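Chemist: Sequence:
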Amino acid sequence: MRPSWLTLFVGLVLFAAPLHAEISLPAFFSDGMILQRDREAAIWGKATAGAEITVSFKGQTAKTKAGDDGKWRLAIPAGAADATGAPLIVKSSDDSVEIRDVLVGEVWFASGQSNMFFPMSRIEAYADLVQATNLPGLRFFNAPLVTAVEPQEDIAGEWIAATPATVPDCSAVAFFFARKLHLDLGIPVGVIKSAWGGKPVETFTSREALNTLPGTKALVETLLAEDKVYDHATATSAYEKRLADWQGAMKASKGKPEAERRRLGKKPTVPKRPLDTEGRPGVLYNAMIHPFAGYTMRGAIWYQGEGNAKAGAVPYDQTLPLMIRDWRERWGDEFSFYYVQLANFRQPSTAPGTPDPWALLQDRMRLVLASTPKTGMAIINDTGEINDIHPKNKKDPGERLALWALAKDYGKDLVAYSGPLYRAAEVKGGAIRVTFDQAGKGLKSRDGGDLKRFEIAGEDQAWHWAEAKIDGTDGVLVSSPAVAKPVAVRYAWASNPEGANLVNSEGLPASVFRTDDWKDAEATPVDPAAEAAAARRALGVKIRELAAKRDAHERGSEEWRKIAAEMKPLMEQLQAGSAKKAP
5 MRPSWLTLFV GLVLFAAPLH AEISLPAFFS DGMILQRDRE AAIWGKATAG AEITVSFKGQ
65 TAKTKAGDDG KWRLAIPAGA ADATGAPLIV KSSDDSVEIR DVLVGEVWFA SGQSNMFFPM
125 SRIEAYADLV QATNLPGLRF FNAPLVTAVE PQEDIAGEWI AATPATVPDC SAVAFFFARK
185 LHLDLGIPVG VIKSAWGGKP VETFTSREAL NTLPGTKALV ETLLAEDKVY DHATATSAYE
245 KRLADWQGAM KASKGKPEAE RRRLGKKPTV PKRPLDTEGR PGVLYNAMIH PFAGYTMRGA
305 IWYQGEGNAK AGAVPYDQTL PLMIRDWRER WGDEFSFYYV QLANFRQPST APGTPDPWAL
365 LQDRMRLVLA STPKTGMAII NDTGEINDIH PKNKKDPGER LALWALAKDY GKDLVAYSGP
425 LYRAAEVKGG AIRVTFDQAG KGLKSRDGGD LKRFEIAGED QAWHWAEAKI DGTDGVLVSS
485 PAVAKPVAVR YAWASNPEGA NLVNSEGLPA SVFRTDDWKD AEATPVDPAA EAAAARRALG
545 VKIRELAAKR DAHERGSEEW RKIAAEMKPL MEQLQAGSAK KAP
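Numbering (my numbering), first residue to last: 5 to 587.
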């Protein structure tokens, strides 16, 4: 039987396909990109296995060969800063990709939660600046909000230059950071932003790294246990019932007071596999960090911590350094890492010695400066808002981050690049003298009045408001008539330390600090609702695990009945808890 023309055509196509070395690149290697100056810039992608790959840029050429899996990677000298766009060309034997308008300058990675994600469009005060911005050498790559079970190699997005049409979608903090660098240095600056609101630091860290720290390893183990027993059909059925109940309750409450309607809670969310749920350990690392790992850059900026400022969280001076080390290992580069300390928030405290997880996390952020090389912290306890976790002042945080970069990465001789940072404390008679780094030309009070929000305690660990006076250019003398033999001092120890007014000569505010390591700082009130929710989740995981074991046996068998009996009191306990929760 003679083969048909269609059979011959298909055969030729199948035979010829492997010979075509089609080139593919991650989305961030695209028109308008910025390469890190004075470095060999990493470029990578995929082609047919064994294909010869050549990359050319501004007279420089680099070559490599695709591996058996089709992946290839090389580095090409980027040269000096250049605001004139040039093509970068990637070639194989029979394919070519041209990336147009490539600039050379400074590249930074911006990540974190909502205060880093927060766009310029949501701040009315910046509307005139947005309309006046036309900076072709200032560019952004804004990553979408995506999740993934496994580490990804690509992520959607495109490079955009800063114009009135594009700036509204840019992170406000990243914009002010990059804008200051761009204007002060006079060279192109690019920022890759990959952030998601309301998420803890653990989700931006790989699970491999999380498994090296006992506290975070426990979070990973809980996640894996939940994922092992997750059944999407069962979860969907339960969701549909909750949704119907919620919709019915909302309909029945129509016309009732708003406060009563709010008690019905939020609309149920569509169920997702635990390993693919945003916020869970490692999930956003897989989807939103890993794709960029290796992109040649100067450093990273970070605004996060709100999602970890709670009782029982793994200490932030452990989790943030863990993430920084993880990223640096993935990039193969000890890049600079600058972060924003949390802003003042909530109602001001009025009593000294008030335990506060917010202040505790702020102070642990301060400790990272000493434990982790090439880090810096923008202090913003003067920019927050009582009733909004998203302060509208994003200019100060962004530009204070830029001060660290200007001083540490670009050699600028600044009087001070940070607010005052606690250095040491020494008991002097009935007082304690505290000294500070980053005092500039001298410490002062912001408003010209007495220094406030200093607390002092003796060996009894009873805290009292203190009198504080500037002593020299870098010291503060702290005392109280109520404490004859002081041993410890705290400053700005509250989520909202209203009145805290110690600044340096440049007007930059002093960071929260404490000289003690007493446990009272961690004795935070327990949130009964959160505790009950956590208990219900743990109980649910246990029940699902037992159900899986039970269903492995023949229904009605002795082993099946034994496990079912073990499940019964747990089910009753879960139902009783749900009944208490219901409105």
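Quick caveat, the hints were computed from the structure, so don't treat them as lab data.
Since the model is a prediction, treat every value here as computed from it, not as a measurement.
A hint or two may mislead.
Label-pair ranges, simulated between beta-carbon atoms [stated by the list, open to error]:
#, residue 1, residue 2, range
1, 375, 221, 18 to 24 Å
2, 418, 97, 48 to 54 Å
3, 277, 526, 33 to 39 Å
4, 153, 240, 48 to 54 Å
5, 432, 544, 56 to 62 Å
No farther apart than 25 Å at their CA atoms in a straight line, the calculated lysine to any residue pairs in the SDA-like style are these [stated by the list, open to error]:
#, residue 1, residue 2
6, 184, 85
7, 271, 202
8, 523, 574
9, 553, 572
10, 399, 241
11, 546, 281
12, 270, 523
13, 546, 128
14, 245, 221
15, 399, 574
16, 270, 391
17, 456, 397
18, 270, 151
19, 245, 256
20, 546, 241
21, 95, 128
22, 232, 162
23, 184, 156
24, 399, 66
25, 232, 556
26, 399, 430
27, 270, 572
28, 546, 354
29, 456, 376
30, 456, 413
31, 75, 139
32, 553, 519
33, 221, 155
Where is the CB? At the ideal position from N, CA and C, for every residue including glycine.
Chemist: Between residue 399 and residue 430, does the CA-CA distance stay at or below 25 Å?
Modeler: Distance of about 36 Å is beyond 25 Å: violated.
Chemist: Check whether the Cα positions of residue 270 and residue 151 lie no farther apart than 25 Å.
Modeler: 22 Å, holds
Chemist: Straight-line Cα separation of residue 553 and residue 572 no greater than 25 Å?
Modeler: This hinted pair holds, its Cα atoms lying about 14 Å apart.
Chemist: Does residue 270 pair with residue 391 here, judged by a C-alpha cut-off of 25 Å?
Modeler: 20 Å, holds
Chemist: For a C-alpha distance cap of 25 Å, please report whether residue 95 and residue 128 respect it.
Modeler: 46 Å, violated
Chemist: Quickly compare the C-alpha distance for residue 75 and residue 139 to 25 Å and report which way the hint goes.
Modeler: 35 Å, violated
Chemist: Holds or violated: are the alpha carbons of residue 399 and residue 66 at most 25 Å from each other?
Modeler: Judged against 25 Å, a Cα distance of about 40 Å means the pair is violated.
Chemist: When you check the alpha-carbon spacing of residue 270 and residue 523, does it fall within 25 Å?
Modeler: Since the Cα atoms of residue 270 and residue 523 sit roughly 36 Å apart, the hinted pair is violated (cutoff 25 Å).
Chemist: Assess, step by step, whether the Cα of residue 184 is no farther than 25 Å from the Cα of residue 156, and give holds or violated.
Modeler: Cα-Cα ~32 Å, so violated.
Chemist: Between residue 399 and residue 574, is the straight-line Cα distance small enough, at 25 Å or below?
Modeler: This hinted pair is violated, its Cα atoms lying about 52 Å apart.
Chemist: For residue 546 and residue 354, compute the direct alpha-carbon distance and say whether it is at most 25 Å.
Modeler: 43 Å, violated
Chemist: Between residue 153 and residue 240, does the C-beta distance stay in 48 to 54 Å?
Modeler: 18 Å, violated
Of the numbered hints stated above, those contradicted by the structure are hints 4, 8, 10, 12, 13, 14, 15, 21, 22, 23, 24, 26, 27, 28, 29, 30, 31 and 32, listed in ascending order.
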